[in-house]
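Visitor: Build the complex: two chains, separate frames, hints provided.
Chains as they are written, first to last, in my numbering: chain E, 32 to 346; chain R, 10 to 255.
Treat each hint with caution, since some may be false.
Now the stretches of chain E that chain R is said to cover, found in silico as 3 or more residues with beta-carbon under 8 angstroms [unchecked claim]: (1) 50-59; (2) 161-167; (3) 230-244; (4) 338-344.
These are calculated hints, taken from the structure and not from any lab test. C-beta: ideal position from N, C-alpha, C; glycine also.
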Amino acid sequence: MSVLVFIEAKNKVSKAALEAVSYGSKIGSTTVITFGDISSDELAIVGEYGGEKVLIHRGINKSNDQQLTNLIHAAVESSGATIVVLSQDQTGKSIGPRVAAKLNAGHVSGAIDLPDTSNGFQVNTNVFSGKAMATVAVHSDKKVISILPNSISPEKTGGSTTIEEFDADLGEGKIVVKEMKTQGEGIPLPEAELVVSAGRGLKGPENWGIVEDLAKTLGATTACSRPVADIGWRPHHEHVGQTGIAIRPNLYIAAGISGAIQHLAGVNGSKVIVVINTDAEAPFFKAADYGVVGDAFEVLPRLNEAFKKFHNSQN
Amino acid sequence: MKILVCISKSPDTTAKIAFTDGNSKFDENGVQYIVNPYDEWYALVRALELVEANGGTVTTITVGTAADDPTIRKALAIGANDAVRIDGQALDASYVAKQISEYAKDKNFDIIFTGKETINYNGAQVGGMIAENLNQPFISLATKLDINGETATLERDVQGGVEVVEVNTPFVISAAKGMAEQRIPNMRGIMAARTKPLNVVPAVDLENLTTVVSYSLPEAKEGCKYIDPENMDELVDLLHNQSKVI
Ligand SMILES: Cc1cc2nc3c(=O)[nH]c(=O)nc-3n(C[C@H](O)[C@H](O)[C@H](O)COP(=O)(O)OP(=O)(O)OC[C@H]3O[C@@H](n4cnc5c(N)ncnc54)[C@H](O)[C@@H]3O)c2cc1C
Ligand SMILES: Nc1ncnc2c1ncn2[C@@H]1O[C@H](COP(=O)(O)O)[C@@H](O)[C@H]1O
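Next up, chain R with everything else stripped away, as it sits in the complex (with noise of 0.2 angstroms):
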């Protein structure tokens, strides 16, 4: 079996998000970059346990610079095959999937995963799109995912429940929580990760069709305003009275 899984960085969940240059850029300065939860925990993790069940390989794929070079390591440190990684700035989400569907469209991947998001942009779009461009179905929301021969049966959260679907390969997935458990990477896989082949590829020429032009943090709250914990109709009051939301 064939696997390619998207792997993104994202700031570590606990960075301040701040920005610079007229807040048209995030600011970076003393941000720890991790392996974006959904690609690491979920999609990398499930992907391996199915190539060491049914044999095979899992690539990872992702469209970035030397930078996110650290964090393919660690995906490579889990216990991915080998990583690519095509060299452009992802900076919209077509761009991106359209550069991953350039690079797989000829090498016969039976399954494409994608986290169910990223936890910067939270688009939830490069993985319908990589879908939409090599012309497979696209699972998205999947939990859970067994395969059969060619046949792979999920479950994904749709409006109101949860769904059992079954599909052939090959196919694109986004997976969510549910899907696997989180691994820790061990001193060998660390070990291994630092000779494992990184190829660099170059990016295919393409416009972005969109940009970020500014970015703004919400406004502060007014301040707490504490009740006291005898009081709950004072409390009903003022969420009737002043806030207006029942």
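Extracted from the complex, chain E is given alone in its bound form (with noise of 0.2 angstroms):
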């Protein structure tokens, strides 16, 4: 089977993107398409993992829905896949959609492992926003499939691949760009791999600096219940669960949140959960890993200095 991968690569090929490539390359022979100013030798390394060859295209604004399709479509053409993968990130979500009604594809969105094509062509997805999985058979020739970041490993393979010049007819390009307001450094909640949350145990916004602080430490991305964020105690894309954003980090510590069903269905894919709460009849107990059943005011910088002194171990 051959597949394209889409990337989008800024200055650096992302994690999600190796993501992708990787995940691509285990079905089968994997072009990769992609666009922007990222230099030849950063792209190198989606050779590592698994992408044969590169296609990109130099002048184009990533916010044109239309003609990334557009630039899809024509590289699917050119190389004859029949199958598209792409990061069921933000951008992810505005175009493979559209890419899939180009194709009259099939579209798995949120996939969270390989396809099995030992029956038809089947893919497991997270439905109901993480209470459970489902899976998918999708019948029509093309199939355009997104992948949930952190989801599948990207895997090397030792190989390299060439890079070329990749050029369109793109048609016009309608929305106009007039401002981009970026948030903050660090990785975005989705593709965090350590995540720290806290809810409205902690009384109040002045108070966040002890989540901050070992949020710092850890090295991982600060998340929120969905009070918190509706009072304005922090801002709205840190608000996490069902009607927020839903994640799986490796490890997702909950200070002052007492585990709503609805803060749970967006966070219960996380592969292990550390609870922070004084009620020991708190809901979120029951979907822990670990509970510490205390103040988070003490428990917070107490746990930070542990890791403080893991990592000075470490080194």
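Guide: Take a look at the structure:
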């Protein structure tokens, strides 16, 4: 099978992009399509993860979903790919369905593992906001698969890649970007492997220092429960759960969060969950791997010190 | 201004998730349905606000069966002018998107709203597919939308931040948190909704491109191991040596 993997690569090839490349290369012979100014040296890493060829289009604005769709379509035609793989990140959500509609392809969004081809073509995805998994059969000849960040570990194949400039008629760009407001540094939540999160138990925005300190020690991304974002203690983009961002980090530390079903829905894909709560009856403990019944105001700083000690002992 | 809002139903967020028929079907026993939160709180309410400010109509559209009618009436109670139900089984995003596109293609809607995603399938697929079928731009994950004549200014979530974009009508968006505040329907709205038009139209004949073969529930956790709040070194040690996540 011939696979086309779409990646977005600004200055460096991200982990989410390598996940997609690695995923594609396990299905079949993989061509990568990308765009922008990234240098060929930086792109070379794609080969190490199984991308045999990279096609790059230099002059295009990522915000024009129609142009990106036309670019992917042209690359499908030129590479003869029958399967398109991309990451289910913001860009993936914007263009994955479009590409599927253009190719009249069945679209599996949020795939969490490789397709099973022993009986047709079936892929598992998360549904009911992470409360369940569905096995989806795709019947069309062409298929589009968007993979959920952090669900596939990129693996090296030891290969190398060739890089070719790729030009295509992309049509008109109807969306004009006026401004980009960047959201600080750090790893965006959907891609983060380590997340420190807090809820209403923290009492007020002025108390978030202990959450941020711990996140900094760990190199973790911060998150919060919905009410905390709603009352403006924390920015909306930190809100995780059924109506916020769904995440699946390796480690999720939750302090002062009760563990309502809607919160759990967005975080129960985490590999390990640590819950810190004063109330031993808090429902979150039922979903936790490790529980600390205690006051977040004491436990978080203590945990921070313990991690610092651990890091020092590692160096 | 003519606006179309895509409305789907989803199980109440506290519904017990279970499956029947050899795990091939969602178990609807005792499940309450609601309007999918993204469709109701953000898409529908912002559409109503735009029409209140600029004049025009808000039509809702749903691909579904008579079982969807109560949630459609709820959308009418919140303020939509009329509703369309395309009588079909919504089992696949491309099927839903094609039905809606087929209906909308010659009706000159200025804006088609979808929610960011349904909270049961979480596909985030239908909006982008409608946009492609109609050859219109799609502004995904929009958190803000203002309009001045034919030109709309939107904010949307993108990798690494928020983008401010301009686009001319017609276009399709998926609405995310921030777009509007939830509205609770009042008694008058609920009464009025009973007599507002709900037009049921037949579905066009289409194949599904995907099918859910089976569902499964995540494996239960082994149980929580409690750690003494005084002894965070133990927790760090377990995270390193046992769970191997740090
Ligand atoms: C349709 C719908 C969608 C929703 N979507 C989401 C969603 O996406 N995400 C989400 O998070 N919520 C969502 N909710 C809200 C959800 O139901 C809960 O209300 C919310 O998660 C509770 O937030 P919390 O745990 O921060 O606050 P609370 O429930 O108030 O819990 C605070 C917790 O902190 C503990 N605590 C207090 N003091 C301390 C201390 N000093 N140290 C340690 N612990 C302490 C308390 O024991 C308590 O358990 C949704 C609700 C609805 C109806
Ligand atoms: N059966 C349906 N009828 C009408 N609109 C739908 C239907 N299913 C999904 N949608 C719309 O498409 C959005 C995204 O759905 P999904 O692709 O399933 O995540 C939803 O928020 C709705 O606005």
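Visitor: Each hint should be assessed against the structure and marked as holding or not.
Guide: Hint check results:
1. Evaluation of the coverage hint for the region 50-59 of chain E: breached, as 0 residues show C-beta separations to chain R shorter than 8 angstroms, against a requirement of three.
2. Note: the region 161-167 of chain E has 7 residues with beta-carbon separation from chain R under 8 angstroms; the three-residue rule is met and the coverage holds.
3. Counting residues of the region 230-244 of chain E whose CB lies closer than 8 angstroms to any CB of chain R gives 0, so the stated coverage by that chain is violated, three being the minimum.
4. With 3 residues having a beta carbon nearer than 8 angstroms to a beta carbon of chain R, the region 338-344 of chain E meets the requirement of three or more and the stated coverage holds.
Taken one by one, the earlier hints fail for this structure at numbers 1, 3, listed in ascending order.
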